[in-house]
Structures are given as structure tokens and as C-alpha cells.
Amino acid sequence: MENDSNKELNAKERRSLIAQMVRDQGKVFVSDMVKKFDLTETSIRRDLILLEKENYLKRIHGGAVSIPGNFRTETFAKKEKLQIREKSNIGKVAAKMINHNDIILFASGTTTLQVVRHISLELRMNNLITLVTTSIPISNEILTWSSPNLTILGGIFLPDYQATVGPQTIDLLNDITADIAFLGADGLTLEGGFTTANILISETDRKMVERARRTIFVVDSSKIGQAGFVPICPLSSSNVLIIDENAPSDFVDSVRKMGVEVIIAE
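No gaps in the numbering here: position 255 of the sequence shown is 250 in my numbering, and each next residue is one more.
These aren't lab readings, by the way, just hints derived from the structure by calculation.
Each hint should be verified, as a subset may be incorrect.
Mimicking DMTMM-like on lysine to aspartate or glutamate, the simulated pairs with C-alpha atoms at most 25 Å apart in a straight line are [claimed, not checked]:
#  : residue 1 : residue 2
1  : K91       : D166
2  : K91       : D174
3  : K87       : E49
4  : K87       : E256
5  : K202      : D170
6  : K87       : E186
7  : K22       : D33
8  : K87       : E240
9  : K48       : E36
10 : K202      : E136
11 : K202      : E186
12 : K252      : E205
13 : K31       : E47
14 : K91       : D248
15 : K91       : E136
16 : K202      : D155
17 : K22       : E186
18 : K202      : D97
19 : K53       : E36
20 : K48       : D174
21 : K87       : D97
22 : K252      : E186
23 : K31       : E49
24 : K31       : E240
25 : K53       : D155
26 : K87       : E117
27 : K252      : E240
28 : K48       : D27
29 : K91       : E256
30 : K91       : E240
31 : K87       : E136
32 : K22       : E47
33 : K91       : E117
34 : K87       : E261
35 : K202      : D166
36 : K22       : E36
37 : K202      : E256
38 : K87       : D174
39 : K202      : D174
Input sequences plus hints: build the corresponding full structure.
Below, the structure is given as C-alpha cells:
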């Protein structure tokens, strides 16, 4: 018998997928979602009510439609429960790209957090790397190490991203030159590149790309085809894209033709 915590997690994942369908298609129907998720109309309508309360969509007779101009990202806590295995695999691969004496920028995100969690014990214990971040969860993770060389950048705090942003953050980044920047994204398309739902996050991420000698984006495949509200940078601005094995092969081939190294995390 499935326990309540698993049911709750599945419901959250389902509602996230419904919100994504509305953003992609503009309109969804209760009858279609009943078939897709093998649930009753009552369950689907309950999902739509909850999503409408959170401003993801507007309910109409028989379904729901998107809200014009609305691209709402999940909160950090919600995103951390999605694509857990894929993000962990990506983080494991990405962490192996860190070398002794590297200065590393970490943007906010649940996948960049996985990179930090997979950094080798040797690099953690011997204070061999310098870490700089705007992310509170990443900072908290690093502060569990015995003697971390960590800089936490100040600024305006965004609860949904658990990160600092704004003019102060940008000014601090201007004084840093890093070897590597690890970044994530809310959306990824061939035409629009890496995108996010928040203007201030995009400004901070763009500055990190600018201040690093090498830029590595860590993005799970569920972000492919999603176009966020504002751009971070084109695909060609990234040196490396690390993505999970569910990424479509034609998409991967197209990115490689742009001169970007694509690594599949399995």
C-alpha cells in the first residue's frame, strides 16, 4: 500500500505537470487530464482549484487556460522534490569537473545544489577550492564542511529562489574573477537559450557568466522546450551543458553543432 508521503509527492508532481501543460498549450481540458493521469474528474478539478489559487492558471468550464504573460516558477522547496534522480546524476558528473585551487561561482538552484553535494571529500577537507554563491541552501550545505573557503554574496533576498540578487550582488560579482560558474535555468530552447522566470535572477546569472572563465550549465531535461519570462544567455555562451539521459537526441545534436560541449549524465 502506498504511504501518504508518496501520494502527496505524486500529487505535487502531477500539479506541476498540469501547470506546465497549461503554459505550453494555453488550454487544457479536464476530460483529457482524466485519461492522461487515470484519475477522477473530482481529483483533477481539485488540482485546478489549487493551481488557480497559486496563480498558475485560470479555470474555465471544462478545463483551464493560461494567464497571459504568466511564467511562474516553482518555489525552491517544490523544485527540490522534482527530477531528484536526474539532478543527482547531473551533480555527480559536474562535481568531477572541479579541480584543486579553483574559484567557483554557484548560482541558485536545486541542480547546482546537487553539484555541491557531490564535491569530493578531498576537496572539502583540505580547503583546496574557493566557493562563491548567492544561494542560501548552497551556503548551508557548504557550512557543514569542516573548514570551507566560502564567500556568501549579499543583496536582496528572494524567498522563492532562496537567493540574493540586486545591485549590491552585481557590484560584488564585479570584483570577482572565477575559474568556473555553475548555473541552472527554468527554461531551455534552441532559439531562446537559457531562461528564467525572474528578472533579478537573470541579471545575477548573466553577471556570473561574464565573470567566469568557464561556464557550465546544469539543467535537467524537463526544462527543454520551456521558455522563461526573461533570458539569461544564449546557448552559445555556455562552454558545457550537463543534462540527463532523457534529453532528446536531436536537441543534443543541435546544441553540439553550436560548439557547446554536451555531457549526458546517466
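Tested hints:
1. A threshold of 25 Å between alpha carbons decides the hint, and for K91 with D166 the separation of about 30 Å lies outside it, so the pair is violated.
2. For the suggested pair K91 and D174, the alpha carbons sit about 14 Å apart, so the restraint of at most 25 Å is met.
3. Distance restraint check for K87 and E49: the Cα-Cα separation of roughly 33 Å exceeds the 25 Å cut-off, and the hinted pair is therefore not satisfied.
4. Proximity of K87 to E256 is assessed by CA-CA distance (about 17 Å); at most 25 Å being required, the pair is judged to hold.
5. For a cut-off of 25 Å, the pair hint linking K202 to D170 stands: about 11 Å separates their Cα positions.
6. Restraint check: the Cα-Cα separation between K87 and E186 comes to about 28 Å, which exceeds 25 Å; the hinted pair is violated.
7. Note on K22 and D33: the hinted pairing holds, with a Cα-Cα distance of about 19 Å set against a maximum of 25 Å.
8. With a C-alpha separation of about 14 Å, the suggested pair K87 and E240 falls inside the 25 Å cut-off, and the hint holds.
9. Restraint check for K48 and E36: satisfied, since their Cα atoms lie roughly 18 Å apart, inside the 25 Å limit.
10. Simply put, K202 and E136 have alpha-carbon atoms about 23 Å apart, close enough for the 25 Å limit, and the pair holds.
11. For the proposed pair K202 and E186, the alpha carbon gap of about 21 Å is at most 25 Å, so the pair holds.
12. At roughly 22 Å between alpha-carbon atoms, K252 and E205 fall within 25 Å of each other, so this suggested pair holds.
13. Between K31 and E47, the direct Cα distance comes to roughly 20 Å. Compliance with the 25 Å bound is thereby established for this hinted pair.
14. Proposed proximity of K91 and D248 is supported: the alpha carbons are some 23 Å apart, at most 25 Å.
15. Only pairs whose Cα atoms come within 25 Å are accepted, and K91 paired with E136 is accepted, the gap being roughly 18 Å.
16. For the hint pairing K202 with D155, the CA-to-CA distance comes to about 20 Å; that is within 25 Å, so the pair holds.
17. A threshold of 25 Å between alpha carbons decides the hint, and for K22 with E186 the separation of about 23 Å falls inside it, so the pair holds.
18. Using a Cα cut-off of 25 Å, the hinted pair K202 and D97 holds, with the two alpha carbons roughly 18 Å apart.
19. Distance restraint check for K53 and E36: the Cα-Cα separation of roughly 17 Å lies within the 25 Å cut-off, and the hinted pair is therefore satisfied.
20. For the hint pairing K48 with D174, the CA-to-CA distance comes to about 43 Å; that exceeds 25 Å, so the pair is violated.
21. Only pairs whose Cα atoms come within 25 Å are accepted, and K87 paired with D97 is accepted, the gap being roughly 17 Å.
22. Taking the CA atoms of K252 and E186, the gap is near 13 Å; set against the 25 Å cutoff, the hint holds.
23. Of the supplied pair hints, the one linking K31 and E49 holds, its CA atoms being roughly 23 Å apart against a limit of 25 Å.
24. This hinted pair checks out: K31 and E240 have alpha carbons roughly 24 Å apart, not beyond 25 Å.
25. Simply put, K53 and D155 have alpha-carbon atoms about 22 Å apart, close enough for the 25 Å limit, and the pair holds.
26. As the CA atoms of K87 and E117 are separated by approximately 15 Å, the hinted pair is consistent with the 25 Å bound.
27. With a C-alpha separation of about 18 Å, the suggested pairing of K252 with E240 holds against the 25 Å cut-off.
28. The hinted pair formed by K48 and D27 meets the criterion: a straight-line CA distance of about 22 Å does not exceed 25 Å.
29. With a C-alpha separation of about 15 Å, the suggested pairing of K91 with E256 holds against the 25 Å cut-off.
30. Between K91 and E240, the direct Cα distance comes to roughly 18 Å. Compliance with the 25 Å bound is thereby established for this hinted pair.
31. In summary, the hint linking K87 to E136 is supported, as the alpha carbons are separated by about 15 Å, within the 25 Å threshold.
32. For the hint pairing K22 with E47, the CA-to-CA distance comes to about 13 Å; that is within 25 Å, so the pair holds.
33. For the proposed pair K91 and E117, the alpha carbon gap of about 12 Å is at most 25 Å, so the pair holds.
34. Straight-line distance between C-alpha atoms of K87 and E261 comes to about 10 Å, which keeps the hinted pair within the 25 Å bound.
35. A C-alpha spacing of about 10 Å is found between K202 and D166, which places the hinted pair at or below 25 Å, so the restraint holds.
36. Distance restraint check for K22 and E36: the Cα-Cα separation of roughly 17 Å lies within the 25 Å cut-off, and the hinted pair is therefore satisfied.
37. A C-alpha spacing of about 21 Å is found between K202 and E256, which places the hinted pair at or below 25 Å, so the restraint holds.
38. The straight-line distance between the Cα atoms of K87 and D174 is roughly 19 Å, inside the 25 Å bound, and the hint therefore holds.
39. Annotation: proposed proximity of K202 to D174 holds, straight-line Cα distance about 14 Å (limit 25 Å).
Hints 1, 3, 6 and 20, counting from the list given before, are not met by this structure.
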